[in-house]
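Please work from the sequences and hints to get the whole structure.
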Amino acid sequence: MSLLEINNLHVEIDGKEILKGLDLAVDAGEVHAIMGPNGSGKSTLAYVLAGKEEYRPTGGEVRFNGNNLFEMEPDARAAAGLFLAFQYPLEIPGVATMTFLRTALNAQRKKRGEAELSTPEFIKKVREVSGKLGIDQEMLRRAVNVGFSGGEKKRNEILQMALLEPRLAVLDETDSGLDIDALKIVADGVNRMRAPGRSFVVITHYQRLLNYIVPDVVHVLSHGRIVKTGGKELALELEARGYAQYQEEAVA
Amino acid sequence: MNAELAAIKTAAETALAQSFAQARKLLPGDDAVTARRDAAFDVFAREGLPHRRVEEWKYTDLRALMRDAKPLAAPPDTAAKARAKTAGALVRDVEARRLVFVDGAFVAELSDLANLEEGLAVGSLADALTGGEAVLAAHLGKLAPASDVAVALNTAFMGDGAVIRIAAGATIERPLHLLFVASANPAATFTRSLAVVERGARAMLIESHEGPDGSDYQVNAALELFVGDEAHVDHVKLVGDGADALHVATLAAAIGARARFNAFTFTAGGAVVRNQLFLRFDGEGTVAGIRGATLIRGRQHADTTLVANHIARDCQSREMFKSVLDGEAHGVFQGRIIVRPHAQKTDAKMMTQALLLSERAEADNKPELEIFADDVQCGHGATAGALDDELKFYLMARGIPAGEAEALLIQAFLGEAIGGIEHAGLREALMDQVAGWLKARGGQ
Chain A
0 MSLLEINNLH VEIDGKEILK GLDLAVDAGE VHAIMGPNGS GKSTLAYVLA GKEEYRPTGG
60 EVRFNGNNLF EMEPDARAAA GLFLAFQYPL EIPGVATMTF LRTALNAQRK KRGEAELSTP
120 EFIKKVREVS GKLGIDQEML RRAVNVGFSG GEKKRNEILQ MALLEPRLAV LDETDSGLDI
180 DALKIVADGV NRMRAPGRSF VVITHYQRLL NYIVPDVVHV LSHGRIVKTG GKELALELEA
240 RGYAQYQEEA VA
Chain B
0 MNAELAAIKT AAETALAQSF AQARKLLPGD DAVTARRDAA FDVFAREGLP HRRVEEWKYT
60 DLRALMRDAK PLAAPPDTAA KARAKTAGAL VRDVEARRLV FVDGAFVAEL SDLANLEEGL
120 AVGSLADALT GGEAVLAAHL GKLAPASDVA VALNTAFMGD GAVIRIAAGA TIERPLHLLF
180 VASANPAATF TRSLAVVERG ARAMLIESHE GPDGSDYQVN AALELFVGDE AHVDHVKLVG
240 DGADALHVAT LAAAIGARAR FNAFTFTAGG AVVRNQLFLR FDGEGTVAGI RGATLIRGRQ
300 HADTTLVANH IARDCQSREM FKSVLDGEAH GVFQGRIIVR PHAQKTDAKM MTQALLLSER
360 AEADNKPELE IFADDVQCGH GATAGALDDE LKFYLMARGI PAGEAEALLI QAFLGEAIGG
420 IEHAGLREAL MDQVAGWLKA RGGQ
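Residue numbers (numbering that gives the first Met the number 0), protein chains in the order written: chain A, 0 to 251; chain B, 0 to 443.
Do not rely on the hints blindly, as some may be mistaken.
When the alpha-carbon atoms are kept at most 30 Å apart in a straight line, the in silico DSSO-like pairs for lysine-lysine are as follows [claimed, not checked]: (1) A:109 <-> B:438; (2) A:109 <-> B:84; (3) B:391 <-> A:19; (4) A:183 <-> A:227; (5) B:391 <-> A:152; (6) B:438 <-> A:110; (7) B:391 <-> A:15.
It is worth saying that the hints were derived from the structure and are not from the lab.
Structure (structure tokens):
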């Protein structure tokens, strides 16, 4: 059984069907890239996996580690090891990044029946992880994402991922708005975390990110369905020829 | 019957009139004080209790909210004093000099009167009234607006309170804590306090009010605060009254030149609360932070009404009031900034925000600017809304359960106002109070 199994998934937003029978299976340790044009349903897939309320599944099922994902609240999904790196990370005025990270980590540990980390243990762990990602300690004292540059916000997402050590990380257009240096830092953070038991779903519009995070499998998403699946060379082909052929195929 | 009494018609108004007739000669002070009481009572007799057609009381209709007027509190007995010993738990960890009032009467044996710092003088209003002290002639009634009915009732019935004087240049490190405790008796208390902080002095005043749930006691408290030139004064008021109490209070302050003044009003208790702040910027170059946080639920009603009157030029004031309203609670904020013709270069910004945790909660915001000078920077903003679902989802997506996510966002919301308190221990005490409130909410 795969770590993530999506069968015939249909999702509506405000009564409009966005995902129209999506199938996807991600095995433990694999990196899958999902590519597709704007409006194909990429972000919808990311949000429905994380459990955003307005994204309403109307058919099909999603199993995560064998469990029905739709029976779990967003926080339970996170504690079970699902992580979504947001395309647009939110600013939370008044909540210090350290408080946020600690609350999140300890909430997950508590839910899994593990001991919560003490303040010194937590600080040690954050220092270790942020050091590897080249994140300034000063950033951790600021309110979550408030006044952060686009690159800092994405790096903060990667820091959260590294700290929370998920089994499956979904990266929703993490490359958008990043210059090449920031992109390398983000990719490096992901690559460090690659492990036999950990999977990634990398959602992107462009092939560029996949030069740095090399996927095992590439899928093309168009009009709410996976229309083509291949190896990493599929990304290069898309870069050269564009999405036009798949959009036509899906319509036809 | 004289025409002036035409306004007296509700049970509460009648009871207040009877109460005054009985008490006026028994309350402390000589004939001059009694004359002052009579004049103040006349204001009430003409106006009656404020009601919704009185603009300043539009959202807090005391005539409707006050079903009866309680008898004046008797002097506290031994049992009441004994219970008061455990009061002040909210700011237990803040090292302060306590002046304790039980049922409106100063209790010297519970107060900390030893080793007063040089330049600090404290006493009771009852003693000052009885002794005809000069401080009263110079200061009593100079700041609190005589036309306000709540103030008028306070002046008519004032029984006791604190009289504090801080000499020019003195720095009083230890905060002064005026601790008002109501015992279980459903009675009315009218306290009047005076604080005179002279030129260049530094002081912090904490004013807290508390009492038991289940007793519909009534508090009318007033403080007149004089902040001298170049003085630095912080005033933090905590309304932690019992769930059935009525609390009407007035802070009237005049602030001198080049002073620093911070006021914070924290409201979590009481059934009906009205916090009035009348602030006058008399001297140029003063910087002030006027903030508040309100946390109410059930059917609680809390009104904060602020008038910031800029008379002198070059003053800066920042007003920030935040409220969190759950259940069927009703939060009111009325803020008026007045900039007089000579108050050029005034820089005043007022922000008020309400967070509604329930669809039945209600927030009324009425910000007003009255500007008569032409070279000023003034602004106000008001928001009212529910918790941000996007932020909540972001927190939950990181594994934080819904209740904890909400609590974190509410703490952050109030933290922005509470963070303006300069005293770290008080900031922490208030954030603890917020955390406790949220925990109780989660447990409902």
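Worksheet item: So which of those numbered hints doesn't the model satisfy?
Response: 2
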